[in-house]
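Peer 1: Since each chain comes alone in its own frame, lean on the hints to assemble the complex.
As they're listed, the protein sequences go chains V and W.
Number 132 in numbering that gives the first Met the number 0 belongs to position 133 of the first sequence; there are no gaps in the numbering.
Number 194 in numbering that gives the first Met the number 0 belongs to position 195 of the second sequence; there are no gaps in the numbering.
There is no bait here: all hints are sound.
Which bits of chain V does chain W cover? Going by a derived footprint, with three or more residues having C-beta under 8 Å, they are: (1) 170-176; (2) 181-192.
Now the in silico label distances, taken between C-beta atoms and shown as ranges: (3) W:Glu59 to V:Val284: 49 to 59 Å; (4) V:Leu104 to W:His22: 35 to 45 Å; (5) W:Asp115 to V:Gly115: 53 to 63 Å; (6) W:Arg63 to V:Trp120: 50 to 60 Å; (7) W:Ser18 to V:Leu166: 41 to 51 Å; (8) V:Leu283 to W:Lys134: 28 to 38 Å; (9) W:Lys134 to V:Lys169: 12 to 22 Å; (10) W:Arg211 to V:Ala81: 50 to 60 Å; (11) V:Leu166 to W:Asp115: 21 to 31 Å; (12) V:Ser96 to W:Arg211: 21 to 31 Å; (13) W:Pro217 to V:Arg285: 50 to 60 Å; (14) W:Asn12 to V:Leu166: 37 to 47 Å; (15) W:Glu30 to V:Leu103: 45 to 55 Å.
Quick caveat, the hints were computed from the structure, so don't treat them as lab data.
All C-beta atoms in this analysis are idealised placements derived from N, C-alpha and C, irrespective of residue type, glycine included.
Each chain is listed here by its residues.
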Amino acid sequence: MSTIFGIPAPALYGQILIGLINGSFYALLSLGLAVIFGLLRVINFAHGAQYMLGAFAAYLLLNYAGIGYWPALILAPLIVGAVAVVIERTMLSRLYSIDPLYGLLLTFGLALIFEGMFRYWFGAAGKPYAPPAQLSGGINLGFMFLPIYRGWVVVASLVICIGTWLLIEKTRLGAYLRAATENATLVQAFGVNVPRLLTLTYGLGAGLAALAGVLAAPIYQVSPLMGSNLIIIVFAVVVVGGMGSILGAIVTGYVLGVLEGLTKVFYPEASSIVIFVIMAIVLLVRPAGLFGREE
Amino acid sequence: MTEAPLLEVRGLNAWYGESHVLHGVDLDIREGETVTLLGRNGAGKTTTLRAIMGILRRREGVIRLRGQDLLNLPLHRVAQSGLGYVPEERGIFASLNVAENLMLPPAVADNGMSVDEIYRLFPNLYERRTSQGTKLSGGEQQMLAIARILRTGARVLLLDEPTEGLAPVIVQRIGDVLVELKERGMTILLVEQNFRFARKVADRFYLMEDGRMVNSFPGHQLDANMDQLHEVLGV
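Isolated chain W, as found in the complex (with noise of 0.2 Å):
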């Protein structure tokens, strides 16, 4: 634990409006760990992807990727210093073919996923690249989300709950997925409520409940805290 984290969350506060959602959330991820928050719908895992990101504006406190302080960067300088995000409504865009989506992304890096890695990895999204992006199915879409990232070199993956509302045999294709990047020595911070997708690929757990951090634990006692994430998830 004496190792410095790569991203670096301290006494995090943020608001939406008048609305104070997240209550001092401190968050550390080192290099190559897969790092999974989990909590209830509502509880803020969200909130700290954009606020962390920078989509939502309105914070205080510390955010720091490699001891460079993010939070007064300009939106479009987050990306530049290597953090990547793919967000839970996938954000692909409709007046553009796969292709283009998966292009759209500066790189940010010389040392991203070349398209032919990328397709490779992907089959589908090669044999759908001249596609509009909205036409492919949630599972494809969502692969698209996380290939448009890879492409750009990002070092830290901000991914948002990844296997909403898809099938099993899909959510099983995301999971070799992200075991393959973590291979790769990415760096990831994932956003789920489905703990036993998680379990395969964390290596530590956070728990958040109305915005603050309840709880942090390594992967491997998960089994240890099961009561605690069924209270705090309701499952």
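Extracted from the complex, chain V is given alone in its bound form (with noise of 0.2 Å):
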């Protein structure tokens, strides 16, 4: 069998592609956290939990309603993307004139809320969901096995990001974002309905969140507490990409990813602690984030 420094290379391409599984939820999670703190300046702890009902709604659709996976893939964001809206009008917009904390506060309350009630009907035992049968089974590249599944995972993931990123950079709407993003007063004085604006986005955030739940259904098990396992690595990601910046967000998603495969197969004992690692030392070198801007 063929080693690569002294490692067998299917144990170095397995470990690559669950660091780049892991690094499309990363990107995925921590693209969404970015956007919201970008413009609403909240920090949404109820991220790993809009990630875990993203999930639960492919579930229930699948085992109440007989809706599988294909249409989960919209339904889902669609449903937490709509929580997510009734939230922001109702409880996030009466605190955005306050400190930034109470919203850090009330997002992470509902995070508990949410995954209680969750672990109150379901239990917290993982639950099943079979990937779809057009992609089950795997493929044989000839130097690993790759199935099929994962391997849309990471490509469906990539095409989310760079959707997102062409979205924010590239259409009006985006435009109104990044302006309301620096000066959001402004913004609304030139008559862009900024309120709207700012629902909008979090229902956006959210339902990246739920797209990710969705997509990890098959992979990892469907369980309250799968987002709550997640979120504190993905903060981890938000702040070695920069606070708010969507392109750092992703890129920093999916290398840190590998990196903790990698990790895992030179130096097994540090992998669950390297991405903290790495946020130390970025935080002592650039305390903005790789590509944050000072402010």
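Peer 2: See below:
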């Protein structure tokens, strides 16, 4: 068997793939967090819960309504996005004029409530969710065996990230969003309905988290705590990429995912802390993050 | 003086937090007029613009545009009623390029200047349309701040100290632009400390001190009021 730096090649490729998969979820989730933080200045602690809600929406649609994976990929983000819109309109929007800490506390409280509710209803154990028939099985790439669903997740998340980036950088709506991130009052004085833009942005961020949840359902199991396990790492990714930086969130998500995978091969003992070590170093050297702007 | 004013401000009071900053400000602008607010730093000129625009929310009194009450409109509805705001700090967005900055404010009427017309009026902006907005010189940023309002079809331009910190040749250029806008029938409320610049374009002057209107007179009486101007402006 061939080896690279003394490591069997299939093990190395396998960990890189796992890193890419994890990185896909880091990127999708930190992207939504970055969009929300950029415009609303809210650190959305409910993001992990919204990811979990997306996975549960897919699970419930399948088991109670017979609606499968492909429609769930559209429906779950819409449902979770709609819930987020209601939360923003009725609660979060009242907190913008006071200390940002209150937005953090509210979303943290909401996360606990959602996770508690789902734990009460479904228990803490994971529920299986089968990948769609079209994406089950795997292919032999010659150097490694690739489960088709995992390849699909990497490709789909890349497409979603690039699509979101294009939406923000290249469209009129994105220009409103970028401008309002800099100076919301002036953009509103120009006649843009900024309160509605804030609502839509929160809905979009939560929808992205839910979409990641649906993609994750067949890989990790659907469980009430799947979000809180992930969200701490995702916050580290956002800090490394730079708070509010869209491109930073995407690139850092994938890079840190792969670095974490590689650490599992070369020095497994460090694999669960490597991202936080990188975060600490980045905070020391570049407090605004790798892609962040100093304010 | 019998013609109804386009923009009418009556007894406007405004507060920054607890501090009462405008005291019963009255102001009229008729269609097509250019009116200049003069006053020292801190006299309340910028505050008056911000209160009219609705950026400063704590206010009382009457603000009407074409008879429509503006005081109770949410901020984004004020622009849609036809007021265009060019802030003192110009408000060019760093995360948008020049063309995106220009296209940012939504059109409020369909008789705004076309982008071609704007680039003809401001050729520099065309040359630098793909540059980051804040990479422009101060003068170019000012032109861009004015140009993006012209595109929207706003009927009344609220212009806050457009010449501040700019070289004389640029000030001259901005003066030419204002004259051209006047000829096109634009109504302009100009805040200015430089009354030598303002006299070239202003039909009427208002003089502010300590958040109050202390005098108003037509443009041709500027010289007759020079003594008071020197006293109030401290020049």
